[in-house]
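Undergrad: In order, the protein sequences belong to chains A, B, C, D, E, F and G.
FYI, in our numbering the residues of the first sequence are 1 to 82.
FYI, in our numbering the residues of the second sequence are 1 to 82.
FYI, in our numbering the residues of the third sequence are 1 to 82.
FYI, in our numbering the residues of the fourth sequence are 1 to 82.
FYI, in our numbering the residues of the fifth sequence are 1 to 82.
FYI, in our numbering the residues of the sixth sequence are 1 to 82.
FYI, in our numbering the residues of the seventh sequence are 1 to 82.
Simulated from the structure, these hints should not be mistaken for laboratory data.
Please note: incorrect hints may appear among the correct ones.
[Said to hold, decoys possible] Below, a list of computed lysine-lysine pairs in the PhoX-like style, where the Cα atoms sit at most 25 Å apart:
(1) C:Lys49 - B:Lys25
(2) F:Lys49 - G:Lys49
(3) G:Lys57 - B:Lys25
(4) E:Lys16 - E:Lys49
(5) E:Lys25 - F:Lys25
(6) C:Lys49 - C:Lys25
(7) F:Lys16 - G:Lys49
(8) A:Lys25 - G:Lys25
(9) B:Lys49 - C:Lys16
(10) G:Lys49 - A:Lys16
(11) D:Lys16 - D:Lys49
(12) B:Lys49 - B:Lys16
(13) D:Lys25 - D:Lys57
(14) D:Lys49 - D:Lys25
(15) E:Lys57 - E:Lys25
[What the hints assert, rightly or not] Counterexamples of contact, computed for chain C against chain D with all Cβ distances above 10 Å:
(16) Ile5
(17) Glu6
(18) Lys16
(19) Glu19
(20) Arg28
(21) Ala36
(22) Asp46
(23) Asn47
(24) Glu56
(25) Lys57
(26) Arg58
(27) Ser59
(28) Asp68
(29) Pro75
[Unchecked claim] Here chain E is said to cover these stretches of chain D; the calculated rule only asks that three of the stretch's residues, wherever they fall, bring their Cβ under 8 Å from a Cβ of chain E:
(30) 45-53
(31) 56-70
All C-beta atoms, glycine included, are put in the ideal place defined by N, C-alpha and C.
Next come the chains, spelled out residue by residue.
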Amino acid sequence: MVNGIERPLDVLNNAKGREVLVQLKNNRQMVGTLLAFDIHINIVLDNAKEIIDNEEKRSVGLTFLRGDTIIFISPAGVAKRE
Amino acid sequence: MVNGIERPLDVLNNAKGREVLVQLKNNRQMVGTLLAFDIHINIVLDNAKEIIDNEEKRSVGLTFLRGDTIIFISPAGVAKRE
Amino acid sequence: MVNGIERPLDVLNNAKGREVLVQLKNNRQMVGTLLAFDIHINIVLDNAKEIIDNEEKRSVGLTFLRGDTIIFISPAGVAKRE
Amino acid sequence: MVNGIERPLDVLNNAKGREVLVQLKNNRQMVGTLLAFDIHINIVLDNAKEIIDNEEKRSVGLTFLRGDTIIFISPAGVAKRE
Amino acid sequence: MVNGIERPLDVLNNAKGREVLVQLKNNRQMVGTLLAFDIHINIVLDNAKEIIDNEEKRSVGLTFLRGDTIIFISPAGVAKRE
Amino acid sequence: MVNGIERPLDVLNNAKGREVLVQLKNNRQMVGTLLAFDIHINIVLDNAKEIIDNEEKRSVGLTFLRGDTIIFISPAGVAKRE
Amino acid sequence: MVNGIERPLDVLNNAKGREVLVQLKNNRQMVGTLLAFDIHINIVLDNAKEIIDNEEKRSVGLTFLRGDTIIFISPAGVAKRE
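In isolation and in its complexed conformation, chain A is listed as follows (with noise of 0.2 Å):
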């Protein structure tokens, strides 16, 4: 069980500074450190790899993402990814 998420921006709280699995629309996904976000979950991922078709594309570094596009954000995912 997870303590302490009252609101659903806590869980993006508590992930600063870890990995990240973000899971866009058009079947891309990045994996990254989540380093800020904001109201709109325009996000900030440093290392950030690209995936496409579970293939890792590019890493394109400290990348800044626009929330519009992203359904999920998972914490744990990275490493469930492994």
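Please arrange chains B, C, D, E, F and G on chain A, whose structure you already have, making use of the hints.
TA: Relative to the frame of chain A, chains B, C, D, E, F and G by itself:
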């Protein structure tokens, strides 16, 4: 019949701590324990499992889902699914 | 003719507690008892059944539907469907 | 020529109680008697009939339509259709 | 050159009472006399004719068009089309 | 390098009276003289020409374009295109 | 690690005057020097080059991009691309 549902969000409030089925756009579904939601229907699931075309694809653990990709959320749908 | 419909939401208000047919985008439909709605047309159905391409697919029970995937809601459509 | 149309919603106001043709996205149309509308162009049709690819598919009776799936509404379009 | 166009809506204001070509999403076009518009670019056309894939499909008469399906509106486009 | 661009709309302001290339969604482009724009990026082009799949399709003259179908606007893009 | 990133827009602010990779919806990318941005993530690129399906297609020079077609912006992505 269901008592005490006056506004749509009452259903989500009652479902906190219980397993829910979340239907997303593009034939994706997720099941997991509903921990939190907000007025944009951003939600947090714990022990989330992704289901694509009725196959369980991935365990993604604690997950933040953006509201705008959600079609419906069903607390009873998980049991019905089994 | 129908009396007492001055604003669109009056139809939904009159339909509370009755079965409705909900047409969603992407050829999905749901039937169920309308329990609640809000100004975003988020709705709650009880005893909801999902229908895809005119086939009854799943019973999902008590279900929260996000307004932005809804095309139309018809209280009479359920009877007409039978 | 048409008199007394100063704002777009005047057309809908004049069409209350009359049959209208409603073109929806995705090649769906509906015909029915316009009972009510709001500023989001949510509308209510009575005796609504759904038309897909120019074939009359279903009578759905009294129906609430969400504005964001509507392309156009034509009071004269029903007569022209016959 | 065109004088007196300081804001985009000035073009629509000058076009009132004249025939316009309206390009909609999904390869639909309409021609008709512009009677009214609002800040959402909802418009009213009189004597509207629908054109799909460059073929005149239907006369729909007086018609209300929702702004969010409109790509462009051209007062001169009608003449150019002939 | 370009001087005096502090906010994105400064580019559009500087481009008034000049030819611009406008890339729309769905592989449509337009070229024309930028006459006006607003904060929604609704714009007016004079002497507008429509280009679909890199072929010049139609001259539509003075044209109002809704902002939400625009991907980018390039004042230099017209010269580069030739 | 990256210091001084507290909000997502800090990344864009730090990237002003540097080359960035911009991933757009529909498999389009642009590279160019970031000159300006606003809270809608409308941006201005100088010396912009359009890349479709990983091929450099066009130089469009100074270009205004609307925020709502942007998936991500990566200052480091340009170097990684080479």
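Undergrad: Tell me, which hint numbers fail for this structure?
TA: 3, 9, 10, 16, 17, 28, 29, 30
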